[in-house]
Structures are given as C-alpha cells and as structure tokens.
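If you want the building blocks of each chain, they are given just below.
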Amino acid sequence: MLTRRLSLWLTDALMYGLLIGVSIFMILPFIWMVSTSLKPADEIFAIPPIIISSHSSLKAYAYLQEQYNILGIVRNTFVIAFSATILRLFFCALGGYGFAKFRFPGQGALFAFLLGTLVIPSAVTLVPIYIIMRNLKWIDTFWPLIIPGAANAFGIFFMRQYTMSVSNELMDAARIDGAGEFTIFWRIILPIIAPGLTSLGLIFFMGSWNDFIGPLIYLKSPEHFTLPLIIRSLVGPVGRTVYDVQMAASVISLIPLLIIFLIFQRRFVEGITAGAIKG
Amino acid sequence: MLGKKIFNLMGITLLIAVMLSACAPATTAATQPPATSAPASTSVVTEAPVATEAPTAAAKPSGKVTIWMWKAAHETLTKSGVLDAFKKEYPDVEVEVVEYAPTDVYQKLPLALQAGTGAPDISLVENSHLAQIVALGGLTDMTEWVKPYLDKMNAYKWADAKLDDKYYAMPWDSGPVVFYYRRDVFDAAGLPSDPDSVSKAVATWDDYFNVCKTIMEKTGSACFSNNKANNYGRLYEMMLWQQGLGYYNAEGKVTVDSPENIATLETLKKFWDANLTSDQLEWTDGWYAELAADTTAKPIATLVEAAWMGAFLKGWIAPGTEGKWGVALMPAMAEGQVRAANDGGSAFVIPEQSQNKEAAWALTEFLFGRVENQVAMFKSSDFFPSLEAAYADPVFSEPDPFFANEAVRPIYVDVVKDVPIAFVYGPHYPEMNGFVATAIQKVATGEMSAADALKEAADSIRSQTGMP
Amino acid sequence: MAETIIMPHSHLSPIAKLRRKGIEIFKARWAYLFISPFYILFLIFGVYPILFSLYLSFTEWKGLGPIKFVGLRNFELLLKDKVFWQSMTNGVFLFVLYVPLMTFMALVLAVILNSKRVRGFRFFRTLLFIPYIMNIVAAGFTFRLMLNQKYGLVNAMLGIFHIAPVPWLESVWGGRVSLCLLVIWAWLGYNMVIMLAGLQTIPSELTEAALIDGASSAQAFLYVTIPLMRPVILFSVVLSTMGSFNLFSEIYNLTNGGPMNATITPVIDIFNQAFGNFRLGYASAMAYLYFIILFALTLVQFRYFGQQAD
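Here the protein sequences line up with chains C, Z and A, keeping their order. For the first sequence, the residue numbers in the working numbering are 1 to 279. For the second sequence, the residue numbers in the working numbering are 1 to 468. For the third sequence, the residue numbers in the working numbering are 1 to 310.
Honestly, the hints are just simulated from the structure, not real lab data. If you're wondering where the values come from, they're calculated on a predicted model, not measured in any experiment. Check the hints yourself; a few may be wrong.
[What the hints assert, rightly or not] What follows is a set of in silico ranges between Cβ atoms, one per label pair, in the way DEER data are often shown:
#	chain 1	residue 1	chain 2	residue 2	range
1	Z	E94	A	L33	43 to 53 Å
2	C	E223	Z	Q355	16 to 26 Å
3	C	F154	Z	D452	43 to 53 Å
4	A	F104	C	W9	20 to 30 Å
[What the hints assert, rightly or not] In silico DMTMM-like links for lysine to aspartate or glutamate, alpha-carbon gap of 25 Å or less:
#	chain 1	residue 1	chain 2	residue 2
5	Z	K88	Z	E75
6	Z	K71	C	E66
7	Z	K64	C	E223
Backbone N, C-alpha and C fix where the C-beta goes; we use that ideal spot for every residue, glycine too.
With these hints in hand, go ahead and build the complete structure from the sequences.
Below, the structure is given as structure tokens:
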C-alpha cells in the first residue's frame with residue numbers, strides 16, 4: 001500500500017518534473033528575447049548574463065519606429081499574410097469542394113497528380129518561379145508572396161477531406177429548389193466548412209507571417225520589407241549587430257501571432273491534427 | 001483506364017508548359033554612355049558653385065540618384081559634407097541613400113541586375129565582390145568616363161573593375177594593410193611600444209610569433225583573433241596578397257594548393273597550435289568587446305588590418321581606448337620581403353538599367369575624382385582614397401590622437417604604394433573564398449593538414465569553376 | 001481516393017465512346033469550373049516551374065545573358081561535388097540526431113498531458129506549443145545569442161554546474177547539436193499536439209481493459225497505446241524526415257551551413273549556388289538530383305513502414 005502510494009507519487013513528480021523542465025526549455029528563449037530587447041546595448045554581453053536589467057527601457061522599440069518605421073513593416077506583413085490567406089482559402093475551398101462533391105472524368109488522375117507534387121521539394125521550383133516573377137515585373141512587389149501560394153496542395157487536400165464529410169442532402173435539396181451551383185457553394189457549403197477554413201486559415205496566416213525565404217528573394221526596398229526580413233537585416237558585419245533592436249523586432253513579430261493563437265487555440269489545434277488523424 | 005488518363009493529362013500539361021516556355025527571358029547587353037558627355041576636369045578647385053567646363057551637348061544632369069551603400073559609407077558622405085557640396089554644384093540632382101549591409105547588397109544587386117528592374121542608380125561594392133558582379137553583366141560601361149583616372153588611382157584597383165578591356169566601376173577607397181597594436185598591452189608585457197620598435201620587432205611573421213608568445217606569457221592577452229571553426233579567411237588572404245600570390249595566377253591556373261600557399265597557411269597554423277589567438281569571430285559583438293576591453297580584461301593585443309579599421313576602432317568599436325593604440329608595418333613573410341597588402345576597398349558601379357546615368361556619374365566623379373572631396377571623406381572616416389593625388393594634402397601628415405599622436409597616415413600612404421599585384425579577388429572570389437575558408441577551418445580545428453585541406457579546396461574549385 | 005464512375009459501355013464504337021465522354025464532361029462542367037482557378041495557378045506556378053527547372057538543369061546560366069546548353073555536365077560535376085554530398089549526409093545526421101528524440105519526447109509529453117494525473121492541461125499545452133508560432137529568424141538569432149561560447153546564457157548556466165563552456169557554434173558536432181536544439185525547440189510542441197490528438201482518439205476502455213487484465217501501466221502503454229498510435233507516429237516521423245532535409249531558415253539564421261559545412265542541407269546549397277554563385281543551371285540540376293534521392297528514400301520508408309503496419 002505504501003509502496004504503491006510512493007511509486008504513484010514518484011511517477012507524478014517525474015511527470016511534472018519533465019513537463020516543467022521542457023516548458024522552461026521552451027520559454028527560456030522568449031524570456032531572453034524580451035530581456036535583451038529591454039537592455040541597453042552594452043549590457044547584452046555582460047558576464048555573468050543579466051536577465052533583468054536595471055536600465056530597462058523601451059529605447060530599442062522607439063528606435064525601430066524612428067529608423068525603420070516598424071509599424072509600416074507590421075502593416076506590410078499583415079497585408080501580405082491576410083491577402084495570401086484569403087486567396088488561398090478561397091482557391092482551396094472551391095477546388096476542394098469540386099474534388100469532394102463531384103464526379104467527373106479525370107478526377108482521380110488530376111488529384112493524384114496534385115498530391116504527387118507535394119513530394120517535390122520547393123527548392124526545385126525556386127529558380128523558375130523567380131524567373132517567372134521577373135518576367136512579370138513582380139520583383140519588389142507583394143504579388144510573388146500572394147499569388148503562387150494560392151495553389152497550395154496541402155490546402156486543397158485538407159479542404160477536400162473536410163468537405164467530404166458534409167452531408168449531400170443539403171446540396172441535393174438546394175439543387176431541387178433550383179439554386180445555381182455557385183450559390184450552393186457560397187451560401188450552403190461555405191458556412192458549414194467555416195471551422196475547417198478557420199483552422200486552415202490560421203496555419204496559412206502564420207506561415208505567411210513568418211515566411212522568410214520568399215521575402216528574402218523578392219522584396220528589395222526597405223519600405224516593402226516584412227518582419228522576418230527586418231530582423232535579418234539588423235545583422236551584418238561592418239556595423240554592429242544591434243541585438244537589442246533585433247530582439248525588439250522579434251518581440252513585435254511575435255505579439256500579434258500570440259494574440260491570434262490564444263484566441264483561436266482550438267481551431268489551430270484542429271487544423272494541425274486533422275492532417276494526422278483524418279489523413 | 002486510370003493509367004491512360006494520367007498519360008493524357010501529362011500530355012496536356014506538357015503542351016501548356018511548352019507554350020508557356022515561349023516567354024524566354026530577355027537578354028541585356030551593356031551599352032556605351034553617350035559620347036557627348038565629357039568628364040569634368042579634376043583640378044583642385046574650391047567649392048565655388050561654378051559649373052566646370054560644361055559638357056558639349058548635355059545640360060547639367062538632373063534627376064534623382066539612388067545609392068545603395070552600407071551605414072559606414074553613408075555616414076562618411078553626410079558627415080564629411082561632400083553631399084552638401086555636391087548639392088551646391090548640382091542643384092538639380094537629388095541624392096537618396098538606401099542603407100544595406102554588404103552581404104545584402106551582394107544578394108540584392110545581382111538579383112536586381114538579373115531581373116532588369118529594381119537596381120539603384122549607383123551601388124557601392126567591395127573589391128572582393130566587384131569582379132563577380134562585373135562578370136554577371138548588367139552594369140554600365142564606364143570606360144570613356146574613367147579614362148582620365150586610369151593612371152591617377154592605385155593601379156591594383158582597376159583589375160577588378162575591368163572586363164574585356166572595358167571598365168565598369170570607379171574606385172573609392174583602398175585598404176592598405178598595417179599592423180595595429182595596443183601600446184598598453186605591449187607595455188605590460190615589457191615590450192617597447194613605440195611604432196618604430198614595434199615595426200622592427202615584428203619584421204617577419206616568425207618574429208611576430210615570438211612577440212605573441214611573450215605577450216601571452218606576460219599578460220595572458222591573445223595576440224589577435226582568428227576564429228577556428230568559422231574563419232572567414234581574410235587574414236590568410238592578406239598574407240597571400242603581400243607575397244603577390246592568390247587563389248590563382250596570371251595564367252588563370254588555380255594556385256590554392258601551390259607549395260607557397262600551403263606554406264603560408266602553415267605559418268598561420270603555428271599561432272593556433274600555440275594557443276596565441278582568441279577564438280572570437282570577426283565582426284561579432286564578442287570580437288568588438290575584446291578589442292575595446294582595457295588591460296584588466298585581457299584585450300586583443302594586435303590586429304593586422306586595413307586602414308579603414310582605424311576609423312572603425314575610433315568611431316564605434318573601441319572609442320574608449322583612445323591613445324592606447326599604435327600603428328606599425330605588417331610583418332613580412334621573410335626577411336626583406338614586402339610588408340604591404342590590401343584588404344577590401346570599394347567602388348561605385350552604375351547599373352545599366354539606371355535612368356539617371358549622367359547624374360550618377362556626375363556624383364561618382366565629384367566624390368572620387370576630386371581631391372578635395374576624397375580628402376574631406378578621409379578626414380571624417382579614414383576611408384583611404386584610391387586617388388593618389390590626394391596624398392599630397394596636409395591631412396596625410398597629421399598626427400592622430402587616437403594613436404597617441406602618431407603620424408599614422410604617412411604609413412598608409414607608404415604601404416599603399418608597396419601593395420603588390422595579387423590574385424585574391426576576381427570573378428570567382430566568393431566561391432573560392434568559400435572553399436578555402438572551409439579548408440582553413442579544417443586546418444585550424446586540427447581536422448586536416450594544410451596540404452590536404454588546400455588540395456581538397458583546390459580540386460573543388462577546379463571542377464566547379466573549370467579553371468585548370 | 002475518389003474515382004470516376006466506370007461506365008459499362010465498352011461495346012460501343014469509339015465515336016460513341018467519345019461522345020459519351022463529352023457528355024460526361026459537359027455534365028460535370030461545374031466541377032471543372034470549381035477546380036480550375038486552383039488548377040490553373042497550379043499549372044503555372046507548380047508544374048511549369050518543375051519542367052522549366054528540368055530544362056535548366058541541362059544548361060549553364062547566370063540569370064542574365066544567353067542560356068548555354070551543356071548536356072549532362074552539371075550532373076557530372078554534381079557527382080564530384082563534395083559539398084553537395086556533405087549536405088546529403090548532413091541530412092542523415094540531422095535526421096538521426098533529432099527525429100527519434102523529438103518523436104519520442106512528443107509522445108511521452110503527450111501521454112503525460114493526456115493522463116488524468118496532471119493538472120493544467122491547457123496551460124502546458126499552450127506553453128509547449130508557443131515556439132511553433134515564433135518567427136524562425138528571430139528564434140535563430142536568439143539561439144545564436146544564447147549559445148555564444150563566451151557570452152551566452154547557456155554556457156553561463158552550465159558554468160554554475162562547473163561544466164566547461166561548450167563550443168556550441170564553434171565545432172562540427174556542436175553546430176549540428178545546436179541546430180537540432182533549435183529544431184526540436186521549434187517543433188516539439190507541434191508534434192506533441194499531433195500525438196495528443198491521436199491519443200484522444202484511442203478509447204480509454206482499451207487501456208482500462210488491459211489494466212484490468214493485469215497489465216502494468218508500462219505494458220499497457222507499450223502493447224496497447226503505441227500500436228494504436230502507429231499511423232499518427234508515422235505521420236509525425238514522415239513530416240520530420242522531410243523536414244530534416246528541407247531545413248532552410250533555421251540554418252540560414254543560426255549557422256549558415258557552418259562550421260565547415262557541418263550544417264549545410266541540400267536546400268541551403270541550392271540557394272547558395274543559385275543566388276550566391278549565380279549558377280542557375282547547376283542549382284537546378286542539384287535540385288533535381290536531390291529530389292530524385294529524396295523520392296527514392298520516401299518510397300523506401302513507406303515500403304518499410306507499410307509492411308510493418310500491415
């Protein structure tokens with residue numbers, strides 16, 4: 001009896017210990033990030049490291065706004081992420097609906113072909129897409145970050161799975177009532193698949209917000225930069241790496257996503273796990 | 001059934017793809033600037049806002065000129081007042097500077113040149129990357145414009161600007177390499193700390209090695225910093241340069257694994273083996289911290305670097321160490337050999353797609369072709385002019401308080417005249433530097449011998465660049 | 001998988017078949033309309049680039065000027081390219097270093113959270129998941145700061161336990177381990193959430209039944225939970241495997257392929273060749289070779305796991 005109690009207690013202690021340990025590992029970089037963003041520059045490399053500086057200030061943040069117009073950058077990032085998400089959702093929802101609820105010649109092959117490209121690493125298309133963008137004169141605009149991604153194979157796969165679970169009766173009933181196909185999609189299907197769209201949208205939004213390689217290749221003028229680019233541009237030899245400012249930019253990059261995540265936690269999780277469970 | 005359908009689909013896709021591939025990328029060719037614009041004369045003229053000998057047909061240039069450069073360069077332009085002087089003389093030209101770190105320039109400029117759009121009117125480019133960008137294409141042919149200056153600049157600066165007998169860049173500054181050292185550390189080690197004695201003490205790299213040992217024993221300070229695992233290879237390049245060597249030779253053969261190159265690396269290796277170096281990586285905060293430290297914190301004792309480093313130390317890396325530094329000559333490979341090399345230096349290029357080439361050239365020539373402006377910029381930032389006439393200016397004999405009132409500038413002038421022609425930079429520099437830096441890293445961390453590592457690098461370079 | 005309805009009219013003449021096919025297509029025109037926006041974009045930005053890239057891999061091109069056809073030369077060079085093969089073996093190293101560890105930890109953490117014994121489910125799940133939403137550039141630099149050999153927080157903390165400063169970013173294996181630390185940090189929460197969802201689909205009666213039958217909790221875990229979780233675990237492992245070769249932003253911002261190419265992955269190498277050396281033909285050839293190898297590996301993985309899963 002006692003040993004069972006003890007072993008249970010030990011197990012509990014172990015489990016909590018592990019949880020807390022890993023949580024600290026997860027949180028530590030954030031703490032360091034915030035702490036660095038508030039420190040004066042000369043304290044960043046102090047030995048021993050200072051966690052909470054007595055000279056904390058929001059200077060780094062102010063500097064970001066003065067020198068780089070960080071709010072404008074946030075706006076850029078948001079505009080891109082939002083547009084890309086909406087476009088992607090629309091295309092994937094429409095396409096997913098087509099694949100899910102209709103029978104048509106070539107359906108299997110078309111879809112298999114789509115899935116096949118999921119295997120192809122994006123590195124293969126890096127150069128050609130750049131050439132296309134160049135010929136379209138879209139370099140240094142937001143378009144390369146919005147348009148190509150709309151044909152997201154994972155997205156259409158996800159939406160197809162999700163839409164398949166919608167019952168056909170509503171659609172049939174609407175058809176009998178004489179509703180046009182597009183109206184059916186817009187008025188009936190969309191509201192039902194909205195939760196799935198939300199989950200997928202969250203993933204897309206986050207992906208676009210944090211995207212680095214796209215902006216790296218396509219955005220040139222500083223006023224068009226997105227947050228990851230700004231963070232990256234604050235580094236570089238010949239001129240100090242302004243760590244405090246860099247960390248401040250990182251914090252700014254994190255906050256909107258954090259807020260969105262905390263509000264939409266459930267949907268986020270659903271979006272991620274749907275692939276694993278239903279797939 | 002299904003297979004057939006897939007086949008049909010592939011066929012249709014292929015057809016569409018072939019049709020789309022009809023949009024072939026455009027080719028661009030560099031063109032000559034209009035022959036009517038004669039370059040302004042370079043006589044030493046005060047900043048009276050009088051138009052110099054006006055070009056025959058064109059009126060004074062106007063329009064907006066966008067420049068890409070890094071922060072240090074930008075500050076030089078503003079602080080020295082040359083931009084204001086330019087505005088007075090060319091009131092219709094508006095200058096806008098966009099700041100990018102060098103690595104960003106080397107990423108964005110080529111992309112913009114390839115894309116045919118998005119490039120600035122002028123870009124600052126370090127000599128290390130100049131040849132590669134010139135070889136890429138998309139730059140304005142400046143041959144006619146720079147003709148009068150060909151013999152007025154340091155000779156070795158033109159090599160990277162030239163391709164097929166045409167010139168595509170205008171040099172700004174050079175990087176004559178000298179020996180920076182901390183007087184206070186030398187004092188603490190019981191070594192003489194005046195420049196002449198130090199120059200004698202480090203006459204050769206072997207002598208330098210002994211001096212370093214003394215410093216380490218007596219003060220615990222590292223002699224210089226030379227990171228092992230992430231080494232950039234720049235110090236090694238300076239050592240090659242002073243011997244007139246490089247990654248290839250005048251015939252275009254790869255010399256990365258030549259006996260001399262291997263011997264040079266082995267010389268450097270001695271310092272690592274004897275633990276005389278600091279492991280801080282250049283251009284990181286740890287490195288800056290070690291340069292700026294005072295003697296209680298074991299600062300780095302010496303630094304073999306180019307003249308512009310002096311300005312950086314003064315300006316933002318170690319302003320608190322004023323008066324503690326001295327400048328001597330860099331060590332020679334062997335007794336009696338050359339004690340000069342080059343590291344860095346930069347130039348302006350004008351992309352072919354610029355809409356304001358005239359104005360861009362006007363600015364370029366104003367800044368780099370006129371002695372008074374080069375001198376003004378040097379005064380504010382120690383960017384050492386490639387324009388040799390500038391050296392006659394009195395500022396080049398003035399003592400510098402940062403270096404305990406030593407007259408360091410004559411040293412730079414003497415060194416720059418001794419810099420040999422070397423084969424470090426070139427159109428394949430980034431690739432070659434990448435392979436050799438990896439080799440150096442392997443040698444430094446003891447993974448491979450110098451001969452093996454350099455042979456490996458040389459083989460890769462040969463197969464990847466096609467050079468013999 | 002959706003499939004077309006098979007029309008049992010194979011006795012018709014070819015023209016009649018074609019006509020019937022035409023009617024089918026016409027009847028389904030709305031479907032085509034719906035999928036066409038997506039598919040058109042997909043063809044332009046998905047398929048065409050893939051084909052163009054294939055074409056480029058047989059050429060030499062700087063992005064400017066003429067495209068030069070060079071046949072198989074790029075592939076010949078690739079076979080001799082030590083850096084490329086290093087990048088492939090790095091992928092393997094990285095895979096071995098972090099995939100098993102991360103998958104195992106994700107599973108264990110998920111089990112812990114799922115067990116009724118621990119309170120604060122929401123709280124911990126959120127905490128563990130947050131790194132996933134963090135911008136990887138910022139994360140890379142933060143880690144770089146923290147792992148600095150002399151001034152970093154991690155070595156300072158290790159120093160409290162009298163452990164010598166670790167050359168996190170200064171040595172070959174240190175670099176790889178640092179990279180894995182970053183990747184695990186970023187993705188552990190994500191994988192844990194997947195495992196959690198999988199666990200929650202397992203009816204608790206099964207484990208309870210096993211426990212009643214006299215199995216210990218460990219045995220129940222091993223012989224009931226894990227087999228049922230196999231598809232989920234497979235999903236997580238496949239994602240991570242593909243990830244270990246495709247890492248770009250993490251590496252670019254933490255180690256940039258160093259030290260000594262210890263953390264270079266094929267994607268970084270392709271990027272460098274294309275946008276650093278302007279060898280677009282070579283980069284395309286590299287991308288294709290990489291794709292072929294990866295494809296073969298994936299096939300092997302599926303065959304192996306497929307047989308195991310029965």
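We went through each hint and held it up to the structure:
no.: 1; hint: E94(Z) x L33(A): 43 to 53 Å; in the structure: holds (52 Å)
no.: 2; hint: E223(C) x Q355(Z): 16 to 26 Å; in the structure: holds (20 Å)
no.: 3; hint: F154(C) x D452(Z): 43 to 53 Å; in the structure: holds (46 Å)
no.: 4; hint: F104(A) x W9(C): 20 to 30 Å; in the structure: holds (24 Å)
no.: 5; hint: K88(Z) x E75(Z); in the structure: holds (19 Å)
no.: 6; hint: K71(Z) x E66(C); in the structure: holds (16 Å)
no.: 7; hint: K64(Z) x E223(C); in the structure: holds (18 Å)
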